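Asks: Residue strings, one per chain:
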Amino acid sequence: DAGITQSPRHKVTETGTPVTLRCHQTENHRYMYWYRQDPGHGLRLIHYSYGVKDTDKGEVSDGYSVSRSKTEDFLLTLESATSSQTSVYFCATVSGRGSYEQYFGPGTRLTVT
Amino acid sequence: ELKVEQNPLFLSMQEGKNYTIYCNYSTTSDRLYWYRQDPGKSLESLFVLLSNGAVKQEGRLMASLDTKARLSTLHITAAVHDLSATYFCAVDAGNQFYFGTGTSLTVIP
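Taken in order, these protein sequences are the chains called A and B. Okay, so the first sequence: first residue is 1 according to our numbering, each after it adds one. Okay, so the second sequence: first residue is 1 according to our numbering, each after it adds one.
Keep in mind that the hints are not guaranteed to be accurate.
[What the hints assert, rightly or not] In silico DSS-like pairs for lysine-lysine, Cα to Cα no more than 30 Å straight-line:
1) A/K53 / A/K70
2) B/K41 / A/K70
3) A/K57 / B/K17
4) B/K41 / A/K11
5) B/K56 / B/K68
6) B/K41 / B/K3
7) A/K57 / B/K68
8) A/K57 / B/K41
[To be verified] Using C-beta positions, here's what the derived DEER-type ranges look like:
9) A/T26 / B/S51: 24 to 32 Å
10) A/H10 / B/E44: 20 to 28 Å
11) B/G40 / A/R22: 32 to 40 Å
12) B/S51 / A/Y50: 17 to 25 Å
13) A/S84 / B/N52: 16 to 24 Å
14) A/R22 / B/N95: 18 to 26 Å
15) B/S26 / A/T82: 25 to 33 Å
16) A/V12 / B/K41: 36 to 44 Å
17) A/S7 / B/V55: 36 to 44 Å
18) A/T17 / B/G16: 46 to 54 Å
19) A/D54 / B/P109: 20 to 28 Å
Because the hints were derived from the structure by calculation, they are not lab data. Model, not experiment: these values are computed from the prediction. Each residue gets a CB set at the ideal place from its N, CA and C atoms; glycine is no exception.
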């Protein structure tokens, strides 16, 4: 357990509104990831971070942005939410100190109406 | 485009039986991961396989990796109901992880 929390855990929002999801970790892990999980697709990487202010795109990054101003926090922003972004979002971390194991947060269920 | 394919996608098996889940991937990678997910829950790391020929076992589950064939297997021995869950494999390509679509396992008493 890498002490990962996500907030909010559930959110319903309207199309066109901006939404920010927060991932917080207490283990000082270097790498942080945002995934979305949809039926039939497994988990797909949205963005990831390999250090403070160092981020990069994953395979489904369109419509999302991220920021990491502190080691412990990784924010995911949906700039203008669409119904296709209704999903369960998971944050994950990797320590980067010789360990490749990923630890996952509890997830955020987002519904865009 | 990197692909990770699992089969079967759905597996219903009787308690006490053995079965294998397969994970094929399309990139050269020496690192392969297995996760378990219970309904409505997050993912739990089961195995981290870091080299060709790696084999790891935990209870009734055993995972192996053949990097030359780009294949990993998750073998279930004498299944019990508590193993009912969705199992995912994932491949590490640089800093990114690519997941299979998952195998939904139901163990029937």
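Asks: Please name the hints from earlier in the document that this structure breaks, with their numbers sorted from lowest to highest.
Replies: 3, 11, 13, 16, 19
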